[in-house]
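Undergrad: The chain contents come next:
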Amino acid sequence: MIISIASGKGGTGKTTIATNLALSLEKAQLIDCDVEEPNANIFFKATITDSEEVVVEIPEIDKESCDYCGKCSQFCAYNALAVVPTNVLVFPELCHSCGGCKLVCPKNAITWRKKAIGTIEHGQRGMFDFYQGILNVGEAMAIPVIKTLKKKIDTRKDVILDAPPGTSCPVIETIKSSDYCILVTEPTPFGLHDLKLAVAVVRHLDIPFGVIINRDGLGYKNVELYCHKEKIPILMKILHSEDIAQLYSNGIPFVEKLSVWKERFQHLFNKIRLEVNA
Amino acid sequence: MKQLTIISGKGGTGKTSITAAFAALAKNAVLADCDVDAADLHLILKPEIRKTIGFHGLNIAHINKDLCINCKKCYDACKFDAINKDINLIPESCEGCGVCEFVCPVDAVTMKKRESGFAYLSQTRFGPMAHAMLKTAEEASGKLVTVVRNHAKELAEQQGKEVVIIDGPPGIGCPVIASLTGVDLVLIVTEPTLSAIHDLERILGVASHFTIPAVICINKYDINEHNTQIIEEYCRKQDIPLVGKLSYDTIMIDAMIQEQSVVEFSEGNLTKQITAMWHQVKEQLKI
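Just so you know, the sequences run in chain order A and B.
Under the working numbering, the first residue of the first sequence is numbered 426, with each subsequent residue one higher.
Under the working numbering, the first residue of the second sequence is numbered 8, with each subsequent residue one higher.
Next up, chain A with everything else stripped away, as it sits in the complex:
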């Protein structure tokens, strides 16, 4: 079973839920797909044993064969190529590696050059398998890193995917093909607004989902009212607490200190499994 943890708004507690849920199970695969700012291992503390580069293919122009006809730059939907009378400029950070320029070149002047844009790291903690993707600083494209990362999914295991914030491409790439999505929110107007956007995304992708309200009790009831109205299950509420905030700030998963939560997460996980298998 693949469960993804997403939110819309950043900082609502995705990583908190992903790591605490994983650590409440006996074994699982935890994959941090927030490749722009991966934080899960600050809490999870897996020992990283191996890593591999994520490479994309970028066009390289053979200036001997090129006659500067401009067809490649006309075709490129991303403005990654510019042809001037005696040169072709390539902007690697704009390239989506679609391969179109090479296909349209009448002179066969385009070849591929590999460019590293990030890293996948793998590690272990007891019975847990951990992966994280890390986008290189200055690189724009998170998607190829997430795609490479998702190839590591072992479908025989229970898999937890920690998604990035937002609602656009990196989130969709992470959560699509999940069996279930947990949306983490907080009881504030920003939390509610972004929850509605996230709900639209999971409904669009037709993924079963439920909501966890983190920092509950901050004094805004509309998140719960919205969930009731939309018939969205509230899977769990985590009361706003200084203890939990302290543990978080120091990188400690709260199930390790407050063991009652371990049972709650196990219960939650079993409930989700029943729904997914039904």
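Since the hints were made in silico from the structure, they are not lab data.
Worth double-checking, as some hints may not be accurate.
[As the list claims (entries may be wrong)] Straight-line C-alpha distance at most 20 Å; calculated DMTMM-like pairs for lysine to aspartate or glutamate:
1) Lys576(A) / Asp88(B)
2) Lys577(A) / Asp88(B)
3) Lys86(B) / Glu518(A)
4) Lys86(B) / Glu485(A)
5) Lys621(A) / Glu266(B)
[Claimed, not checked] So the derived list for chain A, only partly shown, Cβ under 7 Å to chain B, looks like this:
6) Gly436
7) Ala502
8) Gly563
9) Ala567
10) Gly591
11) Thr613
12) Asp619
13) Ala625
14) Tyr645
15) Ser674
16) Phe694
For each residue, glycine too, the CB sits at the ideal point set by N, CA and C.
Put chain B on the given structure of chain A with help from the hints.
TA: Below, chain B alone, put in the same frame as chain A:
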């Protein structure tokens, strides 16, 4: 005209609440919400939309099954796995490159424009605002950020405003890069948690990669004073100005619920800290 972007790396550190407070303090500014995939600034600034502009992101492939001869050339050529074996398009995966249209021998594929969202030019109680809305499951948020930034610049030039205040998205990727290239200063909002400290180093790396000066604000500095000291030490070593330390105060959320910025809502300590920070930022921007 100067441009300031408020970013954080990690989400949820308080970018939007601080942007809204700056909007209330700045006397001559244009506001821009560049967190287009989860925009929240409008919840506080309540913009009155004056002009709506359709946004076309990337094109999308359309497959005419009546013409398709099932040769699978498009399936083989697509690098985004956006066409399945039965030659049906998976719209969320299509990045609009046009390779399928090019390789199709029977012209069964055409690339069409997709309405990916809207950009707005608006008026708020604190001045003009540029913002946008990306439709559900649409791509190209970086491109839409650029549209919003261009609108904000135009508004500032037309109305003689001295500064554009940009609320940025979380992360370090494409929409973040689009939010900060070419600005005069970035204000990085962090908090004293190990996660935020980790993300701070990466977002600083992005700012320095694009050679943009950065200043730092520690939000909720009193929730972990030890980590706050670590950040202060880091700022000293890296020679990055620390322009503000803000107390943790649930008044930030109370103000949000009332659809006000915290400086409008309260005259308390947090308002004083944010006001002092705004003066420091102005000094850095030389306005």
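Undergrad: To test your reading of the hints: which numbers does this structure violate?
TA: 16
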